[in-house]
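Protein chains: 2
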Amino acid sequence: MSDERHPGKVYLVGAGPGDPGLVTLRGVECLTRADVVLYDYLVNPQIIRHARSGARMICLGRHGSERIWTQPEINRQMVESASEGQVVVRLKGGDPLIFGRLAEEVDALAARGIDFEVVPGVTAGLAAGSYAGIPLTHRDLASAVAMVTGQECTDKQPGSLDFQALAKFPGTLVFYMGVTTAADWTAALIQAGKPADTPAAIVCKCSLPGQQTIRC
Amino acid sequence: MSDERHPGKVYLVGAGPGDPGLVTLRGVECLTRADVVLYDYLVNPQIIRHARSGARMICLGRHGSERIWTQPEINRQMVESASEGQVVVRLKGGDPLIFGRLAEEVDALAARGIDFEVVPGVTAGLAAGSYAGIPLTHRDLASAVAMVTGQECTDKQPGSLDFQALAKFPGTLVFYMGVTTAADWTAALIQAGKPADTPAAIVCKCSLPGQQTIRC
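Protein chains in written order, with this note's numbering: chain A, 817 to 1032; chain B, 817 to 1032.
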């Protein structure tokens, strides 16, 4: 056969916001079949436990401690394992499409002709609403909800987020990874005309035992 | 005892976008314990099948065919069953927080002192991105994603959605229940200054065998 064979497959799986009950049936099914699991360090160990014994488990590193895998290294490992015919699960916190750098991983797989499937998950912003008792849409009050990164990527120009447009957004705003930058984005929103008495809440460790909710 | 007792409980569960693999473990657990299940007619029958035999299954009606339960009727049934000590699952398509009228149901339960829990689900907009291969956020291109109803509630003023602000939104826009109204909201966005050549896609029956994706 002249064609290069890629009998393996990569599943890009959303693990949900943390609570081990919030992974999907399909996510668990992928984990039980995986030969290799590459997981974000934030994924709950009780979810990783669904992988079969004997699977190769690769933690992609914790900020501020041991080595963190770079995006090209992650891409290379997925391509390499799938090319060897292995079933690979790339397990991501929340939903892979929301601030998960999914496009870069999908592009790398597609460029090498690797078969892949995206398994969506419960995104943290919606779970935060559920667990903190905050309806993100409301028949009378909010016809829309926006999810915005609280960590403007350092490669982009600072201030590339249009806070004028965000301040006028006709619905609820949810900032992801926004705890450490809360002072910045709240100031930017108020400066752009958002009333300073707009109700707000900060949710930490959503759906996990250490969850904290601060309303302000 | 002078206090009225409410030993039952209501679980407001997101069933995900349709694919029976996209329900969460916690959602399945609630279904297996339920005495009464009130489900939207759009929920996949394969998901409803997780309920134990003997549970009372109540379909809330299909648009355009038999009777549709009104919101007050749904609230009354949940309160009544839980007050009798039953475990009730209110099964909703997608995620309960996103255009699911969750606030009205939660208010009705809270007003009667009924214990409840919200179990988030995979919302259709994110699944649409996964299944249609469209990254909704991108490190370089989109720092935010907004979910907007395509069915402005008839009780509100027509045109109450601020399309000027939506047209300037710095990220991806996802219109829910927007297929029949696509001509209206695209025209409103373009009139508000959104370039007419903005890439767009329409996804029908997301994650189900009949899924269709049209890019334009």
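Worth double-checking, as some hints may not be accurate.
To be verified - With a straight-line cut-off of 30 Å between C-alpha atoms, the simulated DSBU-like cross-links for lysine-lysine are: (1) B:Lys1010 - B:Lys984; (2) A:Lys984 - B:Lys825; (3) A:Lys1010 - A:Lys984; (4) B:Lys984 - A:Lys984; (5) A:Lys1010 - B:Lys825; (6) A:Lys1010 - B:Lys984.
Claimed, not checked - If you want the ones that stay clear, here's a sample from chain B, every Cβ over 10 Å from chain A, calculated: (7) Pro823; (8) Thr840; (9) Thr848; (10) Arg865; (11) Arg872; (12) Glu900; (13) Leu918; (14) Pro936; (15) His954; (16) Met963; (17) Lys984; (18) Pro986; (19) Ala1003; (20) Gln1007; (21) Ala1016.
The hints are simulated quantities; they were obtained by calculation from the structure and are not laboratory data. Beta carbons are placed, not taken as given, at the ideal position from N, Cα and C, and that holds for glycine.
query = Where does the structure disagree with the numbered hints, that is, which hint numbers, in rising order?
reply = 2, 5, 8, 13, 14, 15, 16, 17 and 18
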